[in-house]
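With chain A held as given, fit chains B, C and D onto it using these hints.
Protein chains in written order, with the numbering used here: chain A, 1 to 134; chain B, 1001 to 1134; chain C, 2001 to 2134; chain D, 3001 to 3134.
You may find that some hints are simply not true.
Stated by the list, open to error - Partial list, computed: chain A residues near chain B (C-beta under 7 Å):
#	residue
1	T9
2	Y17
3	T20
4	A22
5	G24
6	S29
7	Y75
Treat the hints as calculated values from the structure; they're not laboratory data. Where a beta carbon is used, it is the ideal one built from N, C-alpha and C, also for glycine.
Protein chains: 4
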Amino acid sequence: MAPTDRFVTETRLRVRYAETDAMGIVHHSSYIVYFEVARSDYARQRGSSYESFEATGHHLAVSEINARYHQPARYDQEITVRCWITAMQSRAMTFHYEITDPAGTLLVDGSTRHICITQDGRVAKLPPSWREWT
Amino acid sequence: MAPTDRFVTETRLRVRYAETDAMGIVHHSSYIVYFEVARSDYARQRGSSYESFEATGHHLAVSEINARYHQPARYDQEITVRCWITAMQSRAMTFHYEITDPAGTLLVDGSTRHICITQDGRVAKLPPSWREWT
Amino acid sequence: MAPTDRFVTETRLRVRYAETDAMGIVHHSSYIVYFEVARSDYARQRGSSYESFEATGHHLAVSEINARYHQPARYDQEITVRCWITAMQSRAMTFHYEITDPAGTLLVDGSTRHICITQDGRVAKLPPSWREWT
Amino acid sequence: MAPTDRFVTETRLRVRYAETDAMGIVHHSSYIVYFEVARSDYARQRGSSYESFEATGHHLAVSEINARYHQPARYDQEITVRCWITAMQSRAMTFHYEITDPAGTLLVDGSTRHICITQDGRVAKLPPSWREWT
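Pulled out of the complex, with its shape left as it was, chain A reads as follows (with noise of 0.2 Å):
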């Protein structure tokens, strides 16, 4: 569940065909690409979008992604991405995420660690504006 004690966006999406497989439902990777929406949709409600931080010159490089797969979604189906962050360090920073139909029901959660670097590819430290989120 969406803890209560920090801010938490809500992203809805709509469910596209292209995002289907052949089995019916969502494509795994598809979850992946809905987890980076509501990553950005956050930036953004936070007031600093994530194409401001890359004018900086910087990058939020992915170290490290988990999801578990619950139920799941299929075409058309209209889909609600929370995201929190979980973690922050000078240099890191840790998203969670929870997908859930209209209903309510769980259907993928997980969790995205990303680290600052500039465009040449070293770490850097986070933008204080970001630091402060939790």
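Relative to the frame of chain A, chains B, C and D by itself:
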């Protein structure tokens, strides 16, 4: 049918599960990626990889694509993409593609047109070594 | 320009990071998926979702796509896909698309042609409710 | 490092342009697809393709994925995916993966867990021929 009077490359691919959709067949957008893989192969086989082309600060921007879908490909199927050049101009070029199954049945054919641009988006001349291709 | 004498839908999307490529812009195959999202929206807004259409045991097989790329879209950009029908036959239909940025600049336009087929791949008539669309 | 006491497959891939993102490297979700390609290869090399497995009315539903990203892969790079089984149960199995560049540098490693289900979504036993794999 692929022409016999010019350079034609053959790229063999095996359909990935992620490229299928809920209809049980390869999603139509996946063939556009197969075209691109064949184009990369074409440049490599002509002795000038697209990767080395980009290293000179140029890109080939796609200006047009066309595809006709005759028969569907399915998961795990081996397919062949034939690729050749149908038009060469000083700043633009057109590739044609034919995708067939092992029995030679035509699955998809199409074409893509490309304009040579610099990193900052200005139209530029194609490298002389590429302009000799036909 | 989108016509004024027929039903035209507008679908708003925000470019995902996963849809970009190493050129720093949206990969050309991603627009084919945007077309599909707009087409799904079109059916839904006409009161007959593609999901309910497939539930009758029919599919719309893509038989042809065409796209012209005018200006690139970039990560996080909001884009609008306008979609309308340009041809309706008993067993086939053609959609046209225009993708613009918030300033109204045309980024990509194109069309897709579809044939109505049954689960076992035979060509079939489109549902009467769909054939009235123009 | 890949183990020496069990069956390990090696799948060679060349990075596609469509798999890169605006950071100039392979998008993190693309490696999840590489894992899947390696898994398909594994089953094929064990003499029982996933395609023939699905033909029996079963699916392998992904229940969990984990990936750690060490170094990025780039467009046109040749990569090797090593794949082996780390756990086998009557109804579930776990694969492990290592992706390296031609110099042997570890780029990404990870694992996926799968549950055997029937077409209607019930958990089922894995085929005996698969259960012997380790």
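Consistency of the hints with the structure:
1. T9: Cβ of T9/A sits 27 Å from chain B, so the hint is violated.
2. Y17: This interface hint holds because 6 Å falls under the 7 Å limit.
3. T20: Cβ of T20/A sits 4 Å from chain B, so the hint holds.
4. A22: Result: holds, 4 Å to nearest chain B Cβ.
5. G24: holds, 5 Å
6. S29: holds, 6 Å
7. Y75: holds, 5 Å
Hint compliance for this structure: hint 1 alone is broken.
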